[in-house]
Amino acid sequence: MSVLVYTENWDGKFKKLSCELVSYAKSVAALLGGDVSALSIGSVDQDELSSLGNYGASLVLSADGAPSGLDNQVYTAIIAAAMEKTGASVLVMAHNNTGKAIAPRLSVRLKAGLAAGVTAVPESAGPLVVNKKVFSGKAFAKVKILTEKAILTLSQNSFEINETGGSASIESFDPGVDASAATSIKDVQKQEGKLLLTDADVVISGGRGMKSGDNWAPLEELATVLEGATACSRPVSDEGWRPHGEHTGQTGKIIAPNLYMAFGISGAIQHLAGVSSSKCIVAVNTDKDAPIFEAADYGIVGDALKVLPELISEIRAAKAQ
Amino acid sequence: MRILVCISNVPDTTTKVKFSTDQLSFDDSGVQWIINPWDELALTRAMELKEDPSNPVSNVTVVSVGAPSAEPTLRKALAIGADDAIRVDAVSGDAHFVAAQLAAVASDGDFGAILCGIESSDYNGSAVGGMISEIMGIPSVSAVSGIRFEGEEVILSRDIDGGKEEVSVPAPFVAIVQKGIAREPRIAAMRGIMMARKKPLQVVAATDAESFTSYQAFTMPEPKAPCKMVDADNVKELVNLLQNEAKVL
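Residue numbers (this note's numbering), protein chains in the order written: chain A, 415 to 735; chain B, 1091 to 1339.
Hints listed in this document are in silico derivations from the structure and should not be mistaken for laboratory results.
Built from N, CA and C at the ideal position, the CB exists for glycine as well.
Among these hints, one or two may not hold up.
Now the in silico label distances, taken between C-beta atoms and shown as ranges [to be verified]:
no., chain 1, residue 1, chain 2, residue 2, range
1, B, S1110, A, D717, 41 to 51 Å
2, B, E1242, A, K702, 57 to 67 Å
3, B, L1291, A, A444, 47 to 57 Å
Taking lysine-lysine and the DSS-like style, the derived pairs with C-alpha atoms no more than 27 Å apart in a straight line are [to be verified]:
no., chain 1, residue 1, chain 2, residue 2
4, B, K1318, A, K702
5, A, K702, B, K1337
6, A, K733, B, K1318
7, B, K1314, B, K1108
8, B, K1106, A, K667
9, B, K1337, A, K429
10, A, K667, A, K429
11, A, K693, A, K430
12, A, K552, A, K693
13, A, K604, B, K1254
14, B, K1108, A, K552
15, B, K1140, A, K600
16, A, K563, A, K600
17, B, K1326, A, K702
18, A, K556, A, K693
19, B, K1140, B, K1254
20, B, K1106, A, K702
21, B, K1314, A, K693
22, A, K733, B, K1108
23, A, K552, A, K427
24, B, K1106, A, K693
25, B, K1337, A, K693
26, B, K1108, A, K556
27, B, K1314, A, K552
28, A, K429, A, K604
Calculated from the model, a selection of chain A residues having no Cβ within reach of chain B, i.e. all distances over 10 Å [stated by the list, open to error]:
no., residue
29, K427
30, V535
31, G540
32, S586
33, E606
34, N629
35, D701
The following block holds chain A by itself, in its conformation from the complex (with noise of 0.2 Å):
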């Protein structure tokens, strides 16, 4: 049985989510015993689409005649076209704004049972099984899969990249669907060139303990040292310090970066959920007993104004080694 993933483009690029995304679906055709198929739509260079072979794909279909911008229904139908040209029994997607919104709308088309964030490789084959967090991370599940068809949409920075070495061929695929979109996109702004939290592998984040948006120049500062992106508590957003897109927590951005580190955050528990799956949590807070504590694997009490100038710039010097 096959696997199809859909690797998403950024302007024509794919970035590390799609390469994980082709481990992870290469793990999973493994399982089934069947090949990996990637989707990808809109235009991407042939060197660009060839890259994916590198981890795991053995075909690589190519709607580039589809429309960039992205409308649910004309997606499905293209996402759709391709499940059924390839035959798989897979669908592997990512979960994030573009899986989102399209994989449910699969899940009804295909008929095919929706397990979302997963975090590893289904746990058996028939039926697929497969483990995904639940409760905003305070738990896991075990989610059986009824249905022939399965989608699995895939956690950022959750899996392993894997190169094989192998390389794939292309294929020019015309998924003959409507593509009159139902909506249609009037405006778009975008920061260019910008580090996106979801994509960065060291956050720097700061809570109420930083006590004003005016003070932020040092966590920025760190973070263009460790080459991160910064982040903020609800607090921080709520009261207007930082922009909403850089809070994370339950109802924010869900991140899990190699290495987190939190300033003047105490942790409650729907901070905790969106930073939980981070390989490294690092704390600085004045109350010894905050809750932060309980989540971090290094911690120091502290005032993070205070410690912040020196980590800065013994981190500067042990770079510089």
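Fit chain B to the supplied structure of chain A, relying on the hints for placement.
Chain B alone, transformed into the frame defined by chain A:
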């Protein structure tokens, strides 16, 4: 336009999660139930839209799929301001089963806008809104953090990686909303709570629908190793640990 807001009845987000001793089901003893946080924001925005007389919104209905025990949560939604409520009488099934129930209600009621939260804080399925739209064969827009009218036209603001898009969508449609759709959830006032008792809460029978998935068992995460504390005067040691022990620098 009539607006339908889909409400999921979920455990309070500060709940200490427990399961039955056989690990097969969620243990709801002592749990406080609330409106799913994203659904609460959707309802708040729906009320704001209705209250502004320049918008063509005539009515806001809330709907939930669940047992009679879900009714206090619907009453709370009525107290916040919804005009009427519908409970589909069913023990909640999987996302597809629930979406099929909500789609049946939405199709019956001539709703122009169907609002759903982007996920529920219990099973984090992120599926019901999109499924409703596909079952009904109508447009959907996800990651919506703004909704407004320009005359009769509905403009949704959708979050994309690194920015926002303004999307025009014809009714009927499903908007799957997230943080930003309303500033803060509205809290019911005493007058609203009094009025909610008299507002209609209709109970309808469930329609036949299949479940595509089932939960087999639940497990708790492995306990984490205790946090290594470093003295505030010894920041150098923290950097050393991050570099040589955790290897994250």
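Against the structure, the hints come out as follows:
| no. | hint | verdict |
| --- | --- | --- |
| 1 | B:S1110 <-> A:D717: 41 to 51 Å | holds, 45 Å |
| 2 | B:E1242 <-> A:K702: 57 to 67 Å | holds, 58 Å |
| 3 | B:L1291 <-> A:A444: 47 to 57 Å | holds, 52 Å |
| 4 | B:K1318 <-> A:K702 | holds, 12 Å |
| 5 | A:K702 <-> B:K1337 | holds, 25 Å |
| 6 | A:K733 <-> B:K1318 | holds, 22 Å |
| 7 | B:K1314 <-> B:K1108 | holds, 18 Å |
| 8 | B:K1106 <-> A:K667 | holds, 22 Å |
| 9 | B:K1337 <-> A:K429 | holds, 23 Å |
| 10 | A:K667 <-> A:K429 | holds, 19 Å |
| 11 | A:K693 <-> A:K430 | holds, 17 Å |
| 12 | A:K552 <-> A:K693 | holds, 16 Å |
| 13 | A:K604 <-> B:K1254 | holds, 6 Å |
| 14 | B:K1108 <-> A:K552 | holds, 10 Å |
| 15 | B:K1140 <-> A:K600 | holds, 24 Å |
| 16 | A:K563 <-> A:K600 | violated, 36 Å |
| 17 | B:K1326 <-> A:K702 | holds, 20 Å |
| 18 | A:K556 <-> A:K693 | holds, 22 Å |
| 19 | B:K1140 <-> B:K1254 | holds, 25 Å |
| 20 | B:K1106 <-> A:K702 | holds, 22 Å |
| 21 | B:K1314 <-> A:K693 | holds, 12 Å |
| 22 | A:K733 <-> B:K1108 | violated, 44 Å |
| 23 | A:K552 <-> A:K427 | violated, 35 Å |
| 24 | B:K1106 <-> A:K693 | holds, 23 Å |
| 25 | B:K1337 <-> A:K693 | holds, 11 Å |
| 26 | B:K1108 <-> A:K556 | holds, 16 Å |
| 27 | B:K1314 <-> A:K552 | holds, 12 Å |
| 28 | A:K429 <-> A:K604 | holds, 18 Å |
| 29 | K427 | holds, 12 Å |
| 30 | V535 | holds, 16 Å |
| 31 | G540 | holds, 14 Å |
| 32 | S586 | holds, 26 Å |
| 33 | E606 | violated, 8 Å |
| 34 | N629 | holds, 18 Å |
| 35 | D701 | holds, 13 Å |
Checked against the numbered hints given earlier, the structure breaks hints 16, 22, 23 and 33 and satisfies all the rest.
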